[in-house]
Amino acid sequence: MKDKIAEERASLNARQSLWPNYSPPEDLVFTHGIGSELFSEDGGSYLDFLSGIAVTSFGHSHPYLNNALKNQADKLWHVSNLFRIPAAESLAERLVKHSFADSVFFANSGAEAVEAGLKAIRGYHAASGNPKRTRIIGFSDSFHGRTIATVAAAGNKSHMQNFVPGDQGFDQVEWGNYEALEIAVDDCTAGIILEPVQGEGGIRPITHEFLSSIRKLCDERGVLLFFDEVQCGIGRTGHLFAHQHYGLNPDVMALAKGLGGGFPIGACLTTKEVGGSMVVGTHGSTFGGNPLATAVGNAVMDLLLEDGTLTKVIEKGSYLNKELKRLQLRHHDFLDSVHGLGLMIGVKCKIPCADLAFSLRNNNLLVGQSGANMVRLLPPLNVAEPELEKAISIFDKTLNEITR
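Sequential numbering from 1 applies to the sequence shown in the working numbering.
Read the hints as simulated data drawn from the structure, not as lab findings.
By construction, the Cβ of each residue, glycine as well, lies at the ideal position given by its N, Cα and C atoms.
Hints are not guaranteed to be accurate.
Subject to a maximum C-alpha distance of 25 Å in a straight line, what follows is the list of computed PhoX-like cross-link-like pairs (lysine-lysine) [to be verified]:
#1 157 / 348
#2 397 / 348
#3 312 / 97
#4 312 / 390
Taking CB as the label site, the calculated pair distances span [what the hints assert, rightly or not]:
#5 207 / 393: 30 to 38 Å
#6 98 / 403: 31 to 39 Å
#7 80 / 182: 42 to 50 Å
#8 318 / 86: 34 to 42 Å
#9 364 / 67: 36 to 44 Å
#10 351 / 167: 33 to 41 Å
#11 364 / 21: 24 to 32 Å
#12 180 / 22: 32 to 40 Å
#13 302 / 40: 24 to 32 Å
#14 180 / 39: 46 to 54 Å
#15 209 / 284: 33 to 41 Å
#16 276 / 403: 55 to 63 Å
Take these sequences, add in the hints, and give me the full structure.
Take a look at the structure:
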């Protein structure tokens, strides 16, 4: 009994050593994962349809990714960007080959990748003889990270409070309001940033009409277009990049999350013109693109580019979407609508989404939450069909329990 009390006290002290900015459930600690399953220290098994917020793109402990990391770990961990890193060069070449981009900057996270893109946009205009073009327009309900600049770009007041004095050179317009955007663009506008599928603000794919109008406006006014694909990129929607659904390219794009399959990495992709302005001394990252991260990133690309991988994401996403809509009709008192692309799906609730997420977790299904009162489903891209069926069954069971 004394040993148990001492163990609990040590655990409490350890938790209190962390900043209190997160609020994880105190009684749930995961020890390991295999594929789409997570296992807790009390012996529980959970179906993971959160994937570390769209990070573990091929599930937990994928043998191919594990081997890539272990093999590199036995050779070289870090040298910094003062020296060439062949794995980074290879990964950059592959990202360029399969995208609009001509060059890549590697960082450690999505926020850093977005920050790099914001600097590159302003740097491009300065190098082009337009130093007054510094302002960047974002959209309501967006999320671009938690740094000062990325918070300012999204303009979420609850995230900005106490931290962001002034506007930091950013403006916001209402999502979907082209007239407001057209008015907001002026001679000081450097770029427009958006998520092709909004994540934190609600799983909302942009319409082709709106995106097409934005691309045209940017071309006409000399403004750069920046796609934040930190969450919706890397195969999540069934295309390698979400904007490929629309047949329209950006000038700058940020990637992260799924690119490392669980290992931290971020990437900022740019056209030749934009990337060419970022000369020696303009930007850097001590850890960005290090041998470990880029070894895993290349392994993730191997899996993504295998024949049939992205087609299966579309098929699985279509099945999950269809089944969730069926549940929405059956449980219309609790569920309002289903949104998303591929395996990035949001279910808008008529009850508090936090309550539904909690009840699903109690039935061993892990999901996330999103703006507009949604639960968010982000299963691994290689999730098995029986696991999709099991998730729907748990969803149905949970809603029936709420009814009772």
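Broken hints, numbered, in rising order? 6, 9
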